[in-house]
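Q: Chains as they are written, first to last, in the numbering used here: chain Z, 1 to 361; chain D, 1 to 361; chain U, 1 to 361; chain R, 1 to 361.
Source of the hints: derived by calculation from the structure; they are not laboratory data. It is possible that part of the hints are untrue.
No distinction is drawn between identical chains; accordingly, a pair holds when it is met within one copy or between any pair of copies.
As the list claims (entries may be wrong) - With a Cα cut of at most 25 angstroms, we get these calculated DMTMM-like pairs of lysine to aspartate or glutamate: (1) LYS7 x ASP167; (2) LYS87 x GLU65; (3) LYS98 x GLU322; (4) LYS317 x GLU95; (5) LYS87 x GLU146; (6) LYS256 x ASP197; (7) LYS87 x GLU63; (8) LYS256 x GLU163; (9) LYS256 x ASP167; (10) LYS7 x GLU39; (11) LYS256 x GLU161; (12) LYS201 x GLU187; (13) LYS317 x ASP99; (14) LYS307 x GLU322; (15) LYS98 x GLU72; (16) LYS256 x GLU322.
Number of protein chains: 4
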Amino acid sequence: MASTFGKLFSITTFGESHGGGVGVIVDGCPPRLPISIEEIQADLDRRKPGQSRITTPRGELDEAEILSGLFEGETLGTPIAIVVRNKDARPSAYEDFKDVYRPSHADFTYEAKYGIRNWQGGGRASARETIGRVAAGAIARKLLRELAGVEVLAYVTRVHEIEASIDPGSVTLEAVESNIARCPDAEAAQAMIDRIDEARKDGDSLGGVLECVCRNVPPGLGEPVFDKLEADLAGAVMSLPASKGFEIGSGFAGTKLTGFEHNDPFTVEDGRVRTKSNRSGGVQGGISNGEDIVFRVGFKPTATIRKAQDTVDSSGKARVLEAKGRHDPCVLPRAVPMVESMALLVLADHFLRQRAQVGGS
Amino acid sequence: MASTFGKLFSITTFGESHGGGVGVIVDGCPPRLPISIEEIQADLDRRKPGQSRITTPRGELDEAEILSGLFEGETLGTPIAIVVRNKDARPSAYEDFKDVYRPSHADFTYEAKYGIRNWQGGGRASARETIGRVAAGAIARKLLRELAGVEVLAYVTRVHEIEASIDPGSVTLEAVESNIARCPDAEAAQAMIDRIDEARKDGDSLGGVLECVCRNVPPGLGEPVFDKLEADLAGAVMSLPASKGFEIGSGFAGTKLTGFEHNDPFTVEDGRVRTKSNRSGGVQGGISNGEDIVFRVGFKPTATIRKAQDTVDSSGKARVLEAKGRHDPCVLPRAVPMVESMALLVLADHFLRQRAQVGGS
Amino acid sequence: MASTFGKLFSITTFGESHGGGVGVIVDGCPPRLPISIEEIQADLDRRKPGQSRITTPRGELDEAEILSGLFEGETLGTPIAIVVRNKDARPSAYEDFKDVYRPSHADFTYEAKYGIRNWQGGGRASARETIGRVAAGAIARKLLRELAGVEVLAYVTRVHEIEASIDPGSVTLEAVESNIARCPDAEAAQAMIDRIDEARKDGDSLGGVLECVCRNVPPGLGEPVFDKLEADLAGAVMSLPASKGFEIGSGFAGTKLTGFEHNDPFTVEDGRVRTKSNRSGGVQGGISNGEDIVFRVGFKPTATIRKAQDTVDSSGKARVLEAKGRHDPCVLPRAVPMVESMALLVLADHFLRQRAQVGGS
Amino acid sequence: MASTFGKLFSITTFGESHGGGVGVIVDGCPPRLPISIEEIQADLDRRKPGQSRITTPRGELDEAEILSGLFEGETLGTPIAIVVRNKDARPSAYEDFKDVYRPSHADFTYEAKYGIRNWQGGGRASARETIGRVAAGAIARKLLRELAGVEVLAYVTRVHEIEASIDPGSVTLEAVESNIARCPDAEAAQAMIDRIDEARKDGDSLGGVLECVCRNVPPGLGEPVFDKLEADLAGAVMSLPASKGFEIGSGFAGTKLTGFEHNDPFTVEDGRVRTKSNRSGGVQGGISNGEDIVFRVGFKPTATIRKAQDTVDSSGKARVLEAKGRHDPCVLPRAVPMVESMALLVLADHFLRQRAQVGGS
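Just chain Z, with the same shape it has in the complex:
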């Protein structure tokens, strides 16, 4: 069940980059939630290739079809199956190096694990696999918005060494979507775009950092000890292709503070217990405390580059790889909806779990 995620709001994804299609089954979505194909497509469109000059030119519209689980515009409480056909697959582009292990790709490890691999476009290891996650995330988004007013928003905070300045408390979707870098700091965004353009022309690639903020999360979500909210969030985003690090709240920087500097003092505001600072990142003891949940994810530079690289093939022979195929010079802008989806799936799951566990007497 390695392609299943979530215990109550549960998704199972399928599909390879160049097979018949990719998709997802969402099992456990409560009934009578109004949801339309357009709402799902909106998130898929933020993920799809070819959406701007700094993303891969692969020409996929990624049009989703819902096969089950809805009736007259509402969820039935039964599994929702969503399929996206692969249309612009070009296996021939991969034919020349089908027996070559591309550096820092999953070619060698898939072969070591399975003894077989679909070498066309990365197979299951392709980020194309995340389509199912994003489609499911759109349903989780609707559920959380309707039932609890939760809002989840991610954005690019760093590309290579270009750091943006963004306030997670006030950033808006409009600001994020106002440029193709998905960085709400306009000046930094332009620098990022230029830097990505440069890398693309150079046949190279770039990494960076995303931040994600989750607002209006009710206190009480998260299940100690193994399903703490930050544990599930970390596991969720570290399952995304190219992610290399996760931190919540004060993160690694916070480890340089003393306890007195780091602790978040409690106070009462409008009759509600709040913290004066939010170094906890909205989670304490694995459970949401009602403050904004803020976490960051580091993504490595895309492994596919055009520059020549030394490697070996499956027979152990040294080879020089000059990649063709289509790819993103920087995954960050398209990773925004992926990270949001993973956060939404985690929160939806914990939202349902908390409903089941409310007090006994």
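With chain Z's structure known, arrange chains D, U and R on it following the hints.
A: Same frame as chain Z, now just chains D, U and R:
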């Protein structure tokens, strides 16, 4: 099942800081593994309180008893239950502030979630809960060593701003255990100990970073797409108390490299496919590639400090907290066996899962 | 995850009777298993409607499409998605009684549970849902045959009061498929067919009993204490529509014997431990013992009948229902591949689980 | 996780017949449920050996200790660990035939599966393992009673060929507990007791049938398609030692009716949708309909008998077994609390699951 971890090598922990005891059931350990109480106790002793002057003085021997699952020194393949009694519980130390929300502790969130909490020593949110993990980790350690020669070793690389210099490829258990900071860089270790001593006297606390290296992990462990090895490792260690961040291989620093700089070129050594560098951290596409798995975990400064802090109580009244109770001024040294255990549990689980999935024909 | 079955060889089904389609994702099938769409279709054809005059006339070809998980005719170890489109849906046939609770159907309970239901042809409660199970079962069948020589065969032993005489040790697929009743006792089969014809003309329906035999199951499958083989088989077949009872080996009749009469004496044959009798039904202590696994399933008479019945509608008003729609006068013949599939899925799952757990040292 | 049962109200049991002890962790019980050790002990006392002359004379008091999860008499929402020590273990009684495969016991299959077994008193295959289930069942019983008024009651309906006449709608706990056979039909009970006495003197054993009724179950529990209520109940009770068959409602007898005879007509009573008959057994389409849930379980005659039996030992040599050790001549009276517990665990789990899934908008 929030206290259950692992799909095949599966553990379920129980226990509060000041209840009758803590412990674990290990379900899914293969039969006929020789294991003794001494091997389990050895890891528990590295975790136990009062082991040095820089850890909490709570006087627990943490002696484990095995109730089931073994017969004549070998595992039966049935659940292994291990219990550690709580002996030096002092609930009275917590009585004065039983209705006060300690800053950056789980008091408020447990109350928000459950509507009830055991205020004695942190209850289930206490790091005492990790006893069951460490006991189970000792069994996983034996299994992995016997069946695959895997070795897992963690050590402190930074306390506050004191950074050690350690080579993950050559560090030894002896070096780690040679000082009470569990930092194999002797000079840095001494500075860390001094700095922790200082914080303790000051009534304050410190955080830092651990690194963990897993050697001889066979290629092929990890299950895309949601149970990728780095995802499970991240989720595992982020479920430990006080952890705030996780990174693998090049981590956040690697996001500042270009793809050409970051990629690990493949080569063949002694007939085996290797990578020349290891920025991947031993995992590619979510699957081990046979190189050392190297990851880091950031721990915040201990929330319990003696300095006076502003907070509120459960009635919403402002209070000043001057903590008593016993605690660690820096969790890092005792977190070493906890992090090792989580890595061992993840690897043991994936080792068994991979045995089930080997090729079909 | 109520539509997911199995822990290692795991399936997730989707689809309503009259939605866009039905299908399944198989997750956890080992890589490099050769499997063709024809092998899957062969089992689907044994399940499909309209295959004989004693089954429902709904005109579905139930043609399966594989969307992922295969490459050049072999499994990749990644999820296998299979979709069957609904073609001959006729919602209008259900329009007249869309607010009426059909007796002994799931109309009322789905409404009570979900507050919404797809009233077209039974929605998710339709036996059409089992298409995904049968498609997945065909893959499990191939896996078990290739890796262990396991053979699973079900057949009708009773329809209404017509009881067949069949030896589970020697019955063949050819004998089962030699008549449309799927009863390998030719004389009883003819009587069953006549009796079903009669019921159909009468606007009534019939139930009966299936037996299933699993041969060449290696000793050691089954996981005490909750995943005992008979427990998983019982849970599996009792999740099929219309099943009302399960028994293994001597079953209910065996409860009338004394221990001395009932026990299966051990003996050694050709160097292998065997039992002289098989009242255990091939399972002892929840684990296969190498003898034929033999179990039986009771199916109630189809709830849909043409005869007028008293009932109520969703407003609580008394109504008389004279059903239209298309249905089977007796589900037994089409239940044969369904029961086989559930047994195959259970065995495949346990076969993989046992591979993971083999001895530790 | 073969010793874990339930998805939200989840239990993990441990322990062998002659190890240090047996017990259970209950994970997922909602917080603030008042529960006392006495309530748990009450159900354990109905299960314990030596309670009457027709049960095994093994002298165990089965006194339970709660190690965690409770605070001031209420559940914390954290795992509840319960331990019962083994006291009257007599391994020597098993020494003589420790390498002999007892007919229709799990000796051979455990050896085939694990390559090792605890031959003392059946090890994990002993019914002693059910102590953890019964202790957990007592908590589920309290939860369901407090939150929904659900009542679960089992009783013996047949021993060997002595059939009792009992109305599931009106039978009371007092009537069940009024005699040591746990059969509320006093006349049949006496005949059963006499027949069991006879079998015991004869060195033989008997089987029979239990019935279980679950009252006041709210409509809507059960999760199609694989976690239908009858599927989970069947899997649950078929995981009990010695169970050979399960049927719900009309069961196997109902398969001899026509659809017209079998269907349960709907009606409205006191504004509530009811069925006039209850051949469905309280479950339709896998979901409770609010009527009494009624199911039956067949138990084979105890495998342990004193009469001499032919068998083989682990070296394949023919042996004659004349069992010593202590055992029940008929498991039915002690199986009553076991079956109740499994039903309670299934219902508690589904009760929580349904709370999570209530309507979306």
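Q: Which hints from the list above does the structure break, by number from lowest to highest?
A: Structure breaks hints 1, 5.
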